[in-house]
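Number of protein chains: 2
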Amino acid sequence: MLNFDFYSPARILFGKGEEKQVGELLKPCAKKVLLHYGGGSIKKSGLYHIVVESLHKNKDPDVELGGVKPNPRLSLVHEGIELCKKENVDLILAVGGGSAIDSAKAIAMGVYYDGDVWEVYEQGKAIEKALPVAIILTIPAAGSEGSGDTVITNESKQLKYGYGSPHLRPLFSIMNPEYFYTLPPNQIANGVADMMSHIFERYFTNTINVGLTDSLCEAVLKTIINNAPAALANPKNYEAWCEVGFSGTVAHNGLLGMGRQEDWACHNMEHELSALYDVAHGAGLAVLTPAWMKYVYKDNIQMFVQFAVNVMGVEGSFREPEAIIEEGIARLKSFFKRMGLPATLSELGIDESKLELMAKKATGAEFGHEFGIGGLKKLNWQDVLAIYESVK
Amino acid sequence: MLNFDFYSPARILFGKGEEKQVGELLKPCAKKVLLHYGGGSIKKSGLYHIVVESLHKNKDPDVELGGVKPNPRLSLVHEGIELCKKENVDLILAVGGGSAIDSAKAIAMGVYYDGDVWEVYEQGKAIEKALPVAIILTIPAAGSEGSGDTVITNESKQLKYGYGSPHLRPLFSIMNPEYFYTLPPNQIANGVADMMSHIFERYFTNTINVGLTDSLCEAVLKTIINNAPAALANPKNYEAWCEVGFSGTVAHNGLLGMGRQEDWACHNMEHELSALYDVAHGAGLAVLTPAWMKYVYKDNIQMFVQFAVNVMGVEGSFREPEAIIEEGIARLKSFFKRMGLPATLSELGIDESKLELMAKKATGAEFGHEFGIGGLKKLNWQDVLAIYESVK
Chain A
7 MLNFDFYSPA RILFGKGEEK QVGELLKPCA KKVLLHYGGG SIKKSGLYHI VVESLHKNKD
67 PDVELGGVKP NPRLSLVHEG IELCKKENVD LILAVGGGSA IDSAKAIAMG VYYDGDVWEV
127 YEQGKAIEKA LPVAIILTIP AAGSEGSGDT VITNESKQLK YGYGSPHLRP LFSIMNPEYF
187 YTLPPNQIAN GVADMMSHIF ERYFTNTINV GLTDSLCEAV LKTIINNAPA ALANPKNYEA
247 WCEVGFSGTV AHNGLLGMGR QEDWACHNME HELSALYDVA HGAGLAVLTP AWMKYVYKDN
307 IQMFVQFAVN VMGVEGSFRE PEAIIEEGIA RLKSFFKRMG LPATLSELGI DESKLELMAK
367 KATGAEFGHE FGIGGLKKLN WQDVLAIYES VK
Chain B
7 MLNFDFYSPA RILFGKGEEK QVGELLKPCA KKVLLHYGGG SIKKSGLYHI VVESLHKNKD
67 PDVELGGVKP NPRLSLVHEG IELCKKENVD LILAVGGGSA IDSAKAIAMG VYYDGDVWEV
127 YEQGKAIEKA LPVAIILTIP AAGSEGSGDT VITNESKQLK YGYGSPHLRP LFSIMNPEYF
187 YTLPPNQIAN GVADMMSHIF ERYFTNTINV GLTDSLCEAV LKTIINNAPA ALANPKNYEA
247 WCEVGFSGTV AHNGLLGMGR QEDWACHNME HELSALYDVA HGAGLAVLTP AWMKYVYKDN
307 IQMFVQFAVN VMGVEGSFRE PEAIIEEGIA RLKSFFKRMG LPATLSELGI DESKLELMAK
367 KATGAEFGHE FGIGGLKKLN WQDVLAIYES VK
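If you're matching them up, the sequences are chains A and B in order. Quick note on numbering: the working numbering labels position 373 of the first sequence as 379, and the sequence is numbered without any gaps. Quick note on numbering: the working numbering labels position 142 of the second sequence as 148, and the sequence is numbered without any gaps.
Only chain A is shown next, with the shape it has when bound in the complex:
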């Protein structure tokens, strides 16, 4: 086990009706709140009205900025920063999924950043300060409700970069699974692929003697696999959503990666798809993850046997480990298929024309400083291209 530093201070308020106390929760911590959200779904569901009423009961009228899109855009972040400065906002309340939250976090640090906040993403600069961010989650997927991470798309540069800082850990996150009832099937499936990937990125490691986090990863993965099909089949299944929603938070609050070298190759490869083609992050991950597994498993046979046996329930002779691994990967693909997720880049509308460009961007080769990606196996641009090509 490696040394680690675990810090996950976000308070999680979970269950029916919890959203009604948002105003009261914010009363002691904020004078002026920016309400930040996406499209019309929170108005359709009635959540917008509940939040505004709860805020107004406890505080002065607040500032609003809607319009966050999936793969949240830098341009709206810039707009939010100006608005917060002009209106002296002292807390951002994001209502929505990972996009609204990540956009809120970008605004929160941009308010104090001297320069274009994109530099923080591009250069990985350490920040000193950010506005506090609180959250009402309506899409379980990104895990951003518990993490200090944010991913933003610079649409003019066609770049999608992530950034993390303890200063971006949310103050609190409210999660009432009833607000997941209206999610369309593809969003449910994409969310599930995203949260599973957050675990895979931590689970697949060369670090040994990490039995606790191994088994925690396996527990959360199995909980998702056991419950996600029920939520997809009946999106008003409260109990299934409780399991999936809570799993999504635990998947990405940091705990599962403690003491382990993490991987993150699949996330890096996927960010290129989203940046150039604006595909849904989870859909891209569903295509790339099994392809990545097939490409790298020979580098750590024992780890992938453990995955196949402990997560995918494969039984068989440990003396034929590759057969066990292949069955494990096949079962994962089958699970993704059952969830309605794509298996090829062409299903995502991605042709061959830019595969090499994306491979070079993902690994830094395009910018003349190839760093390689991945912890379990370091991938160069040729590796990434081979993975893209294996799922054309």
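It cannot be assumed that every hint is accurate.
It does not matter which identical chain is used: a pair holds within one copy or between any two.
[Stated by the list, open to error] In silico lysine to aspartate or glutamate, EDC-like type, Cα no more than 20 Å apart, as pairs:
| id | residue 1 | residue 2 |
| --- | --- | --- |
| 1 | 22 | 11 |
| 2 | 26 | 11 |
| 3 | 33 | 11 |
| 4 | 33 | 134 |
| 5 | 163 | 184 |
By construction, these hints were calculated from the structure, which means they are not laboratory data. Predicted model, so just to flag it, every value in this text is computed and none were measured.
Starting from the known structure of chain A, fit chain B onto it as the hints suggest.
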């Protein structure tokens, strides 16, 4: 799944050498620190010297209060409160195990409490404020390094009560498993029984649809069972200690009980043993837990089958569930025995004379307001007496 409110802000710094940065970590948060510890073990191990040096490099000389005993005493807490007030201490650094930490938490809230801090324990009063507490853990067991809980013994009244508040969550906890190397076998075993009990108290529940926390509980229990014998056999086994130590923190930081009704009957029954006979908490739990299981399992056969199968690895026909449960309990007893833990009250030096008194104290009957204890099955004093008597 029940609604829940999860809040676990304690930062955990884990691994070799982490203790050396304690002064630097405290520099921005405290002007005057009370160093609070037990007997001579931290001086023998050299940790005392490292801590004092790290503090002095970064800050003015600090205040010290040693002498914390197992089942930490109210009298020393009173002394600590006076000292903190007199010296204007603004942070308490506990170096030791659960006793030093719980004593530090009691002092931390006592400084701001108007009256005898024992009232907080006795009456369960909500506190508004406490001094911040930071921790260097030298005994993995109590989980107090991540929790907002404290247990104190009022030696003049022969009472041992617990109390919890979010204000008592530690600022940070440093855990270097190398400091566990010198623990004697009985302390290792007692610590293991204590952390397992923290999971059992959350795991055994009548709440259904809690698949995620069920499987997280099982993962942590199995990690402890898999690694504790190795730490006992060779207390210098760093990797085994990493698994056991980290498990002890996860066992009690709150996560595993989220969305579930919890039990806590065993802890309540054990506190009476410690209060009257000053026995080690973990040893008492090792005696009482299997006895409690035998006494209550008929109230939730499915839960105990799940325990036997998923935790203790029992295989068999689910159509003869009681045979599976009995084998599960037998395996737990066998594990405790392998760890060198006692199986009867007489091994703890407890005779029959006060069993009824303890049963009545545990359930409140002695004080004329019987409240009963336990979530899975509510126990009255006759139930508790029957459990005590079953392991005379």
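Original post:
So which of those numbered hints doesn't the model satisfy?
Top reply: 5
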